[in-house]
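Fit chains B and C to the given chain A structure using the hints.
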Amino acid sequence: MLIYIVRRLLYSVVVLIAASFIIFSFVSLSNDPLAFLKMQPNASEQTIENITKRKHLDQSIPVQYVYWAKDAITNQFGTTTIGNRPILPDLTRVMGHTLQLVIAAEILAILVAVIIGVYSALRQYSMFDYTATTFSFVGLATPVFWLALMLQVLFVNIYLWFDVRIFYTASLSGVDPGSGLHFVLDRAQHLGLPIIVLMAASVATYSRYMRASMLEVVNSDYVRTARAKGVSERGVTMRHAFRNALIPLVTIVALNFGGLLGGVVVTETVFALDGMGLYFVTQLQLGDPYPVMAWLMVTATLVIVFNLIADIAYGFLDPRVRYD
Amino acid sequence: MTEQVPATSGAVTAPAERLGSSADLSLSYESGLELKARSQWAYARMRFLRHRLAVGSLIILILIGFVAIFAKQVAPHGFNDQDLVNIAAAPSWDHPFGTDLLGRDYLSRVIYGLRTSLWVAFFVALLSTAFGTAVGAVAGYYGGTTDNLLMRFTDLILTLPGLAVLLTAAAFLGQQSQSIGPISISQPVMIGLILAFLFWTGLARIVRGVYLSLREKEFVEAAKASGAGDMRIMVRHILPNCVGPIVVTMTLIIATAILVEAALSFLGFGIQPPNPALGSLIAEGNVGGLGYWWLVTYPGLVIVIIALAVNFIGDGLRDALDPTQRLRA
Amino acid sequence: MRKRSMLVVAGAVALVASLIVGPAATAKSERQAAGTVVIGHDQEPVTLNNLITEGNAYTTSLVTNVVLAGGSIYNQNAKLVPYLFNGPAKLVKSNPLTVSFAYKANAAWSDGRQVTGADFLATYRTIMNPNWDITSREGWEDIASVKVKGKNVTVTFKKGKSYAAWDALVASSPYPAHKMAGKNFNDLYRESLDVSSGPFKFSSWQKGTQLVLVKNTAFKAGKPAKVDRVVFRYIPSTPSLFQALQSGEIQVTEPQPQLQIVDIRKNSKFNVQSGPGYFYEHMDIQFGPKGHPALKQRYVRQALITGINRAQIRQALYVTPGLVASAKSLPVLQSLIFKPFEEPYQPNWAKFGFNQQKAINILKGKGCTGGPAKPTANNSDIWSCPGVGKLSFRFTTTSGNQLRALTFEVAQKQLKSVGIELVPRFGPAGTVFGQVLPSGDWDIFMFTWLGGPTSSATSFGLYGCGGDQNYMNYCNKKASDMYKTAQFTPDPVKRAQILNQAEKIMVNDVPSVPMYVRPGFLINSTGVKGPVLNPTQQGSTWNAELWSTSN
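Protein chains in written order, with my numbering: chain A, -15 to 308; chain B, 9 to 337; chain C, 11 to 561.
Just so you know, the hints here were simulated from the structure itself, not pulled from any lab data. Source: prediction; values computed, not measured. Glycine included, each C-beta is placed from N, C-alpha and C at the ideal position.
Reference listing, derived: stretches of chain B covered by chain C, where coverage requires no fewer than 3 residues with Cβ under 8 Å from a Cβ of chain C:
1. 92 to 98
2. 272 to 282
3. 297 to 307
Estimated spans, in silico, between C-beta atoms of each pair:
4. A:V47 x C:L556: 56 to 64 Å
5. A:V148 x B:I77: 43 to 51 Å
6. B:N156 x C:G380: 55 to 63 Å
7. B:A138 x C:Q479: 42 to 50 Å
8. C:N105 x A:E29: 30 to 38 Å
9. B:I77 x C:E353: 53 to 61 Å
10. A:E29 x B:I77: 53 to 61 Å
11. A:L144 x C:Y68: 23 to 31 Å
12. A:T58 x B:I77: 52 to 60 Å
The shape of chain A in the complex, shown without the other chains:
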């Protein structure tokens, strides 16, 4: 087991280095880092020259890559082309906000999905089961941004019609976020809609997996044996079936991280949330490659970490998995 983890870890490092080279050469080759600056009507030759020197843009791509990698490791990804701003502080700030959003959405999604999945598996082919299945299909077929727009309009109009504020439709916190409970509630009201939007797709996916794996477990031999031994129906469900049915879900949740990021990009853009997604889109629109590359590196690292977690967790949870 330990050897497996170490080997997996080393492999992840290699993948990360390869990914960093791919990201760097891809972004550098496809975009002129100075395009944005040249677009400023009065950016002087001197300014452009300074930046060319600072970023070693006159060198070949592999040389630039080495400088960039050095900058990334020793100097926290360095600074932006535009404004020479340190990248990492901005990135950490938005990451914190996105984590709040993602963690809240995922926990709620898992809760709801497990309840729906288990219930529809236990009552297979019931009205509830059909409804839940239909909704999960619809959830998977709905574009995230469209759902976000619809909810935004809906809640603005709830405010206009009833003069009741349930959720805010933009931004991360109020003008006076306050502290303590007030802060938490304010944040919850601002994150409410983005959480619902992110949950929709996750609940749809997870509940289908939960239902399927629950069905598989319920019909398996050992559960039948348990039942035959006279374990109560509730005991069978909770102790035997439910626990084992959760195992595949763990993997799915961890592997879903990359997909979740896509939803985050769109959701944060619609709701003007100061998170990773909006940061990324803004930098892309500006056309500044350095924060874009830093962002891609950070997320690639996160995806790799989550894949690793998925693998290891699966090993811990499912004794049938062998390592070789």
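Just chains B and C now, with coordinates in the frame of chain A:
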């Protein structure tokens, strides 16, 4: 349904292995392969037709496909027929979906947008299916270092955060038509190529698995002994066994491609006007609020309907072709 | 199982209930008690240093203009009025150009120091320091000497370099000499402003969300601010900005022209102002070697401008939807030098009226073939002209700008019906402005010049031979010389005469198609009194100290 059936030309093809739930290979040789294979497809067709939602969806999708293909004949107006007096009019009998900011009939624009989006989705699906199958087949059939290299590359692509890489590529490369030497690639094709580049990985893994498990089987050995080349074995002998998973994955890719292309276009990095696409119609029409609800609602609903239909068909196909693969989403 | 899910449901209900009654009530009342105005904007500043390249943005000016006050500021009529100056700057001598001005006796920094000529001198030196990434040194580099005597300053320009827009130049905000000394100016005011000479001072900047200014109680040079706080909230998408406005999350905003303004105008809770600005949309034509050869023929350019119905485009995009009150309030632009609301404006381009048959006749008359005999809406025949090929032009503009996309689509349709084809070449702003525009590898390019009340003086840069922003490589020696003369003619009346003469010469060459001045919009909820639309770069906060909140 019949278009799903590959021509089962006599001789040695053995598409039975994964299709039948308890197909015994030696038995299928003895009992006459052609007959057996056909009955497998008949089973599959039967199973699919029993899936009422899938059949309904297929009919809807075919209808939508017809509308898209014959957009010129079906659409009541041209997609750029401007009526600069009748701007942003609410839905009415003349314009069931209302009109847009230049007084263009929105139903017609949605139909043409549908055409672009569907075209991109099928293009992406075909391209990535072909590529994914090829990579998976080569990796699985040859194994060893080839397999290792190809699969590590696949893993690497899977590591990249999908939509973000797409956005970067689309923002930096896909905004204008590009020309590589004498070949000029139009902007929607560019977006399609970028999408396809990230969508083949899942299928490559699945196909590799099938090839890996089948390359040692007797019917492959037999083909080898009778002097068939690697290419022939990969294409004629093993490939038919992957048709199930390939078709199912392809439908999933279509659904994903439609949603992702719409998101790209919505964020402004996808298909650029004046080419109408469903996502960019929503972005263009998102002038806010209930005042112009039809501009956002209709193209969105169309996306939902297509994606839903494709997903149902995929579900039906999975039941029909690949009953053991229920859990792979 | 069932009991637990009941608990979850109960918890969720409790949470939602507390959300509704909780901060909903409190946040609102606090805002009113504090006398806060919340301004929504779609772009966040990169830095608060307005002089360096990346700080040269409208969104930065909105914040800095009320913190670092100007000697004079532009009012709603685009007239310079003294602010920290005790009166308008005076022209002492015209050759060499010498001007003098003085700061008010009570003009002071918020830390107690006086605002003096030393601050102006330090600002001048900072701008001329080659180490700093200053956006533009235009005008400043023509200064020969700055003499300071307490609050009084005399500026002398170099001989023959009588910078025409001197009054706006000397009126720019002085930066605090005592804070800049010995600092790296490129890094100064990146995150905050530590001192103020205006009605507000910097309080906090929660990156990605909002920036807060509070009342500067030490401000004596003008009226004290009526509200305690001005909060800038950054909401990057225009539709979301509108949603936030309607749901009361922001109170003042200057949105991009968008249909929803029409809805909001009908709503009695909001006050919508609109008016022309200094941004003008136009289509430039490439004269350089990489442009289409046909466009180097004057008759083709004439056919082009005659075939575009500029009035209809303006009508369709702004008037019919109800974005502007009437066609009169947004006239078709007939000058590239002056705006319709400026006094010296003359409709120099009016000679090119829209006439599709005439456009066809021009081309037919020059021996072009393959085009339509009569303009029709569904025409697909495109002209080919002798020696210069098919009239199919690349049309470059920024992607993601809805109004430009719509303008293109209307113009494309209009030209198609007379047999001229436009092929879209849209790209992101960074690429098309950074690479395509300067490269000259385009045929027709639609974009906006961001001007100001003094920009006419520097027309040479845009339309003179070898002008540094003359990306279309247009050159008419005679007009060019006149633009050059105008740049160093301080007398505004005389200058306007020269400029109009030069443009009349230029118009005959049809180097560009002027479209319209892009109107500005200012929306405020009726709970805020006082915002007035300002057409200049001074921005909507120009009179923020007069704003008040009610109800």
